[in-house]
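Participant: Let's have the full structure, built from the sequences with the hints guiding it.
In the order they appear, the protein sequences are chains V and B.
Okay, so the first sequence: first residue is 1 according to the working numbering, each after it adds one.
Okay, so the second sequence: first residue is 1 according to the working numbering, each after it adds one.
Calculated directly from the structure, the hints in this document are not laboratory data.
Glycine included, each C-beta is placed from N, C-alpha and C at the ideal position.
Just so you know, not all the hints are guaranteed correct.
[To be verified] In silico SDA-like cross-links for lysine to any residue, where the CA-CA straight-line distance does not exceed 20 Å: (1) B:Lys-532 / V:Ser-164; (2) V:Lys-113 / B:Arg-424; (3) V:Lys-33 / V:Glu-99.
[Claimed, not checked] Anything over 10 Å on all C-beta distances counts as not near chain B; from chain V, calculated: (4) Gln-19; (5) Leu-34; (6) Gly-40; (7) Glu-55; (8) Leu-57; (9) Asp-83; (10) Leu-177; (11) Val-225; (12) Tyr-226; (13) Asn-232.
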Amino acid sequence: MSAVTQLDKKEELPFYEPQGDEIELFMHAYEHKLPVLIKGPTGCGKTRFISHMAEKLNLPLYTVACHDDLSASDLVGRHLIGDGATVWSDGPLTRAVREGGICYLDEVVEARKDTTVVIHPLTDDRRILPIDRTGEILHAPDNFMLVVSYNPGYQNLLKGMKPSTRQRFLSMSFDYLPAPAEVEVLINETNVDKAMAQRLVVLANTLRELKDQDLEEGASTRLLVYTATLINTGFDPVKACRAGMIEPLTDDPDIVAGLMELVQAAFGSAEA
Amino acid sequence: MEEQVGQIWDRLITRVAKQGYAKAAVTLDQVKGPLGVFFRALGGDSALRVTATTATLHKARRNWLQRVAGSGRKVELAWQDETCLYLPAQLDVFPDRQLNRDLYFWLAAMAGARVPAEVHQSRNWIVDNQQRTLHTLRQFQGLHPRYLSLVQAYIALRPEPERLKPEAAAMEQAIQQALIQPGSVTALPEARFAPDPVALWLHPDPPRSAGLLNSDDAQDRNASKGQTRQTQQRRRQAERVEKPEEQGFTMGVRHEADLFSFAEFSKMDRATDEEDNLDQAENIANDIDKMSVAQDNTTVASRIKFDLDLPSEQEDDIPLSEGVLYPEWDFKKDQLLPNQCRIIPMMSRNAVDCELPDHLQKPARRLRRQFESLSARPQWIRGQYEGDKLDLDAYLDYRGAIASSGSAHAGDPRLYYQKRPLIRDMACLLLADLSLSTDAWVNDTSQVIDVIRDSVHLFAESLHASGDQFAIHGFSSRRREHVRFNCIKDFNENYDARVRGRIADISPGFYTRMGAAIRHATDLLGKQPAQKKLLLLLTDGKPNDLDRYEGRYGVEDTRKAILEARNQGLIPFCITIDEEANQYLPYLFGHQGYTFIRQAEQLPKRLPQLYMTLTGKLLGG
Ligand SMILES: Nc1ncnc2c1ncn2[C@@H]1O[C@H](COP(=O)(O)OP(=O)(O)OP(=O)(O)O)[C@@H](O)[C@H]1O
Ligand SMILES: [Mg+2]
Numbered sequence: 001m002s003a004v005t006q007l008d009k010k011e012e013l014p015f016y017e018p019q020g021d022e023i024e025l026f027m028h029a030y031e032h033k034l035p036v037l038i039k040g041p042t043g044c045g046k047t048r049f050i051s052h053m054a055e056k057l058n059l060p061l062y063t064v065a066c067h068d069d070l071s072a073s074d075l076v077g078r079h080l081i082g083d084g085a086t087v088w089s090d091g092p093l094t095r096a097v098r099e100g101g102i103c104y105l106d107e108v109v110e111a112r113k114d115t116t117v118v119i120h121p122l123t124d125d126r127r128i129l130p131i132d133r134t135g136e137i138l139h140a141p142d143n144f145m146l147v148v149s150y151n152p153g154y155q156n157l158l159k160g161m162k163p164s165t166r167q168r169f170l171s172m173s174f175d176y177l178p179a180p181a182e183v184e185v186l187i188n189e190t191n192v193d194k195a196m197a198q199r200l201v202v203l204a205n206t207l208r209e210l211k212d213q214d215l216e217e218g219a220s221t222r223l224l225v226y227t228a229t230l231i232n233t234g235f236d237p238v239k240a241c242r243a244g245m246i247e248p249l250t251d252d253p254d255i256v257a258g259l260m261e262l263v264q265a266a267f268g269s270a271e272a
Numbered sequence: 001m002e003e004q005v006g007q008i009w010d011r012l013i014t015r016v017a018k019q020g021y022a023k024a025a026v027t028l029d030q031v032k033g034p035l036g037v038f039f040r041a042l043g044g045d046s047a048l049r050v051t052a053t054t055a056t057l058h059k060a061r062r063n064w065l066q067r068v069a070g071s072g073r074k075v076e077l078a079w080q081d082e083t084c085l086y087l088p089a090q091l092d093v094f095p096d097r098q099l100n101r102d103l104y105f106w107l108a109a110m111a112g113a114r115v116p117a118e119v120h121q122s123r124n125w126i127v128d129n130q131q132r133t134l135h136t137l138r139q140f141q142g143l144h145p146r147y148l149s150l151v152q153a154y155i156a157l158r159p160e161p162e163r164l165k166p167e168a169a170a171m172e173q174a175i176q177q178a179l180i181q182p183g184s185v186t187a188l189p190e191a192r193f194a195p196d197p198v199a200l201w202l203h204p205d206p207p208r209s210a211g212l213l214n215s216d217d218a219q220d221r222n223a224s225k226g227q228t229r230q231t232q233q234r235r236r237q238a239e240r241v242e243k244p245e246e247q248g249f250t251m252g253v254r255h256e257a258d259l260f261s262f263a264e265f266s267k268m269d270r271a272t273d274e275e276d277n278l279d280q281a282e283n284i285a286n287d288i289d290k291m292s293v294a295q296d297n298t299t300v301a302s303r304i305k306f307d308l309d310l311p312s313e314q315e316d317d318i319p320l321s322e323g324v325l326y327p328e329w330d331f332k333k334d335q336l337l338p339n340q341c342r343i344i345p346m347m348s349r350n351a352v353d354c355e356l357p358d359h360l361q362k363p364a365r366r367l368r369r370q371f372e373s374l375s376a377r378p379q380w381i382r383g384q385y386e387g388d389k390l391d392l393d394a395y396l397d398y399r400g401a402i403a404s405s406g407s408a409h410a411g412d413p414r415l416y417y418q419k420r421p422l423i424r425d426m427a428c429l430l431l432a433d434l435s436l437s438t439d440a441w442v443n444d445t446s447q448v449i450d451v452i453r454d455s456v457h458l459f460a461e462s463l464h465a466s467g468d469q470f471a472i473h474g475f476s477s478r479r480r481e482h483v484r485f486n487c488i489k490d491f492n493e494n495y496d497a498r499v500r501g502r503i504a505d506i507s508p509g510f511y512t513r514m515g516a517a518i519r520h521a522t523d524l525l526g527k528q529p530a531q532k533k534l535l536l537l538l539t540d541g542k543p544n545d546l547d548r549y550e551g552r553y554g555v556e557d558t559r560k561a562i563l564e565a566r567n568q569g570l571i572p573f574c575i576t577i578d579e580e581a582n583q584y585l586p587y588l589f590g591h592q593g594y595t596f597i598r599q600a601e602q603l604p605k606r607l608p609q610l611y612m613t614l615t616g617k618l619l620g621g
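Facilitator: Take a look at the structure:
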């Protein structure tokens, strides 16, 4: 474990704790110019994985957080008002295609439908990006790679990706890390002590078990990191858990109260 | 020892009844919500419901209660069995409210904490409770301070050993030491009488311990064991729960559907191909299992008949047509058998126009407000020749095109946004399973059917407010010739008092031939012009019917029907309260195609929320 960490530190890679063989798979995908789709619940390390890989492959990374207002021109580019005239300005996708690099579309199912029109020709063997507004057709260089991600909960049922889009990507599934690995992540990210990291991870896994009955979503690694950060800076653990792990998961006062009892039981002050 | 425990228990009850600080009392109802979450989160079996011990008085526990508590006396201490965590309906042990509240959570923690198998509550009361206490504190260090303050306050309330006669003093001493230093007392000193009870510990003799049963109880015991087994397996599948009778105990849960399919199987032509037999053998084995359960009670057979008779024509709902024929998928033949099932659209005969029931007024008001905002949201349409505001992007493109071509006519002059009320182009058909199984009880006051009725009410209120097009239908079946399709609201009907009357009139029907019902719903929904069409199935169990629709056949046919719906561009989604749902629903609807609501009582609240979640994000597309 520590060997990996040291290696990462030396090369100044963003710390990433692998789930399985995703690093190798990603390298192969890059080599063969295949686009990649990453599925997984929120805050499980997707974004971190991509930035890690971008560093590792020494590629610039263009990240686009998709939202329901994001349209094709947000990706491709638009005319802007320049020095007394209009100037064309590349969007992040166009820039990545021109210059090479990873273009990462986070939560791609959120984006408007017209975005698929620009994604499709890039993901088959043509690897081109036609820009209607300027009449250009760009050919993606070898070091261009498209990566998209989404969270496949039922909340996305009606928005889910069309099979014709989905089947253009190599896909990998992410989930929250097994407890010992997640403990390592917490220690690495926040310097929290090991015993506390372990207790937090136990709490998180308890909350994850409640998914689909009392909670819609389990606590993410991201929330764990937040909470550990608070605790590590001297914040009372019970209060930190409330703000970092309980309140973000539910608005139901009964559930908050019940979970806070749990937090009390696990983190209550003064060991006897 | 057992004898003694019984006495302890007796004293405990007496004492609990005598003692108490009414002003500081905390009721279970006040803490039930958080307590349930807490208990499940601790690792307590999440299938368990938190219930007041008193609520069980009229249930299966009566004889046991009589035995332990003496007739008519109330028993209130914590224990759990396979279906419930029982806690006192009210705690007033301490003069301080906070302590009484803490005691609830402490008891739930004791019950929920994981303990090694050898710690059984009734093997040795004093040793086991100390062990449990230790395990609980070890797992949840944060409980230490609370436990200490509880013990401190509690010991102050207990008799002082110095004031007791030597025998009693030794015993009391032992208990107090066990509380202060759990694990340090290995046995209760011998005495001719029982010590005072301990409110911080679990039930000294929970009903599942078998040692003390006399022969009368043994009978009840079997019955309730049977009940539990069924409950575990398929709690709400085709059950009919009867209110217990005054005299003695009647078995509460029964499986008419299964019994009947067993009867069917045994009558059935067994000379089919071998594969068939294998499948059936499994089913039959299951059914025999349940049969033996049912044998405890001789009234079963007669009641089944009654359950299955259709109401007389004058009383039954009004058929709207001769019916529509639908095919059914035979997975063994791997083909669609044409004209297998008859869907009979029906209209309630007895429905009376009505308003929303009082207890739903408040949630409905809130939901209406929430859903109205869905339709009120305006939308900006771009690419218009004229409009409310300039689309700067379009304008710049336009200028860019002119500049680069040098011609004033290049480019597309659609440069404006227009503001329009948003039209959610959305149609939803809610298909509610109204089979016999919805007759089961979800808690002491309501049945599955009540919960479904309330859910449908709130669903209708919400969708009406949203402006989305919607229809509501129910279904149940009695073999393939008779699949009832209860019309509650058609797409082209307005939502009004008549529709509410029909919702109020919803009642449990027969069996669950899902495939046919889904096919008919697909037809109705498919005809709608909307862009997104959501087919919501609300159910409490697996497909089943009196004939071979039981088991694999029904599941395969239902799956086929869902695939057909999907191929037509509909989006099927299932909401279930069946605890076994994860065993077959992923196969039917896909992992993302269903959701399981563990607490059936939550369904009315959850259904509109779910609709909101499913469709709320549509706006962006
Ligand atoms: N495998 C991991 N190795 C290192 N850090 C991790 C790992 N998984 C999660 N983290 C931590 O969790 C945080 C959140 O992860 P990240 O932002 O990658 O989540 P995500 O999957 O992209 O979530 P979302 O879907 O919400 O965008 C990271 O900033 C990092 O601190
Ligand atoms: Mg991310």
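Participant: For every hint, state whether the structure bears it out.
Facilitator: So, going through the hints one by one against the coordinates:
1. For the hint pairing B:Lys-532 with V:Ser-164, the CA-to-CA distance comes to about 18 Å; that is within 20 Å, so the pair holds.
2. Annotation: proposed proximity of V:Lys-113 to B:Arg-424 holds, straight-line Cα distance about 16 Å (limit 20 Å).
3. Note on V:Lys-33 and V:Glu-99: the hinted pairing holds, with a Cα-Cα distance of about 15 Å set against a maximum of 20 Å.
4. Interface exclusion of V:Gln-19 from chain B stands, the closest Cβ pair being 19 Å apart, more than 10 Å.
5. Interface exclusion of V:Leu-34 from chain B stands, the closest Cβ pair being 25 Å apart, more than 10 Å.
6. For V:Gly-40, the shortest C-beta to C-beta distance to chain B comes to about 14 Å, beyond the 10 Å cut-off, and the non-interface label holds.
7. The claim that V:Glu-55 is not at the interface with chain B holds, since no C-beta of that chain comes within 10 Å of its own (minimum 32 Å).
8. For V:Leu-57, the non-interface assignment is confirmed: its Cβ lies about 32 Å from the closest Cβ of chain B, beyond the 10 Å cut-off.
9. Against the 10 Å criterion, V:Asp-83 stays outside the reach of chain B, whose nearest CB is about 12 Å from its own CB.
10. Separation of V:Leu-177 from chain B is adequate, the least Cβ-Cβ distance of about 21 Å exceeding the 10 Å criterion.
11. For V:Val-225, the requirement that its beta carbon stay farther than 10 Å from each beta carbon of chain B is met, with the minimum near 21 Å.
12. V:Tyr-226, annotated as away from the interface, keeps every beta carbon of chain B farther than 10 Å; the closest lies near 20 Å.
13. Its beta-carbon lying about 19 Å from the closest one in chain B, V:Asn-232 satisfies the requirement of being farther than 10 Å from that chain.
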